[in-house]
Amino acid sequence: MSDDMRVEVGCYGSTFGAKTPNIDALANSGVRFDRNYCQFPLCNPSRASLLTGRKPAKTGVLGNRTDFRVAHPDWTTLPQLLKDNGYITVRAGKIFHGGIDDAKSWGEVSDRGGPTDDGSGAAAGKTLVVPRAQIPTPQGALPPLPADTSRAAYSDRIVVLEGNGEAHGDYLTAQRTIANLHKFKDQPFFIACGFVKPHSPTTAPQKFFDLYDADKIQLTPDFAAWPTVPPGFPPAAIRKRNADLFIGRGASQAEAKQVIRAYLASISWVDWNIGRVIGELTQLGLRDNTIIVFLADHGYQLGEKGKWSKAGSLFEMGTRVPLIISAPGAKGNGQSCTRIVESLDLYPTLVELLGQSPQKDVEGVSLAPLLNDPSSPWDRPGYSVWSEDGKTFHGVAVRTEKWRYAEFGQNGVNGAMLFDPHADPLEMKNLANDPQYRSVVAELSILTRKYAAELA
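First residue of the sequence shown? That's 44 in our numbering, and the numbers climb one at a time after it.
Hints in this document: simulated from the structure, not taken from any laboratory.
Predicted model, so just to flag it, every value in this text is computed and none were measured.
Heads up, some of the hints might be wrong.
[To be verified] Cβ pair distances, simulated, as ranges:
| no. | residue 1 | residue 2 | range |
| --- | --- | --- | --- |
| 1 | D404 | A184 | 43 to 53 Å |
| 2 | Q402 | G60 | 35 to 45 Å |
| 3 | A257 | A184 | 27 to 37 Å |
| 4 | Q402 | H225 | 29 to 39 Å |
| 5 | A176 | K434 | 31 to 41 Å |
| 6 | N454 | D404 | 20 to 30 Å |
| 7 | P116 | A176 | 47 to 57 Å |
Virtual Cβ for every residue (Gly too), placed ideally from N, Cα, C.
Given only the sequences and the hints, what does the whole structure look like? Please build it.
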């Protein structure tokens, strides 16, 4: 798993030209799901959902501080199910949310508690702070720069690691995973490897920065210096303050390009570490009888509409995430699948592939039919939700083969968005208020409101 990695991957047609040869090679050996959606654009709710196979409305996890076990002590997670059925289950790095690990899921843990969100650990390297420019707000005001002691002042810092990053948590996560492969190679295993990058601060060794030229990065047409609600969009669609990068200040184009370059370098470094792990799996002769899954917890926005985070994003880039499943013998290996799927589908998929039986109320569906025929008939939408208060849904989005639709507030009282992703992939024009699409809005509104009602 990777943290905060949107579909900025070579084999997905990276917007900014990310170089990810190892993930690309994995996709060539398995099925790449081009339209996979997380259930919540935030770490803990997303991870709790995919590891339990339940929607956020069922888990009750709508923020980063809620442990699903408190309300659901009897639930059986995916790794726990396998542990109970004779598998070695072991984790290195961030699989459940940092600080909220699940002891029942693991037979062994390679590191205590896992790395923190920023993954800094004992990282040795130099910290670069992007030169701060005072960018006027859309109202023309010139706000003061954040104080040096505030988190906002360092939200968009860049960390350049020494060597190959040997002192950083992500390098050590790969090392521990390799050790786990050696230790458990002769037993049935579920080995989880969780990288924290490209989560801020963007971090990588220098050679991965050298893969990219900031001056050649082309910002998207909807780039904005500050979080900006475009004309015709509901105000609730864009949070007024960024949560991860450029917190409390605007981003100049030059600054934006430097931070995007660092984000890309972080992704390429994660890819390099993934290559180390898969390479060792191959060397041990385990590749032909091991299912390999790669996915991220949620998407991310890199300045589109002025947003530099995932929190609150019900746009395509905030909720669409990579998912690659390489299952030995699957007839669809080497192909891509454009059907709409959800991250919580991973639980029932692996359970079916391994011949196990999940708990009765697992809500995802097995993707096994798509692994054998990626173009199989499939008519299931993907849902993503957001909560501002950790108790209620602020917004619900639904993605179908044809449309992306989102409603904000109870029964859409705070507005709606409708996009045609094929004609408008950057989501520049909101069609929700166009009379021409009234019937489409009515149909999709029923879906979002039914989904939202499950939380009540």
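The hints, checked one at a time:
1. D404 - A184: 43 to 53 Å: holds, 51 Å
2. Q402 - G60: 35 to 45 Å: holds, 43 Å
3. A257 - A184: 27 to 37 Å: holds, 28 Å
4. Q402 - H225: 29 to 39 Å: The hinted range 29 to 39 Å holds for Q402 and H225, with Cβ atoms some 33 Å apart.
5. A176 - K434: 31 to 41 Å: holds, 38 Å
6. N454 - D404: 20 to 30 Å: At 27 Å between Cβs, range holds.
7. P116 - A176: 47 to 57 Å: Distance hint for P116, A176 holds at roughly 51 Å.
Every hint from the earlier list agrees with this structure, and none is contradicted.
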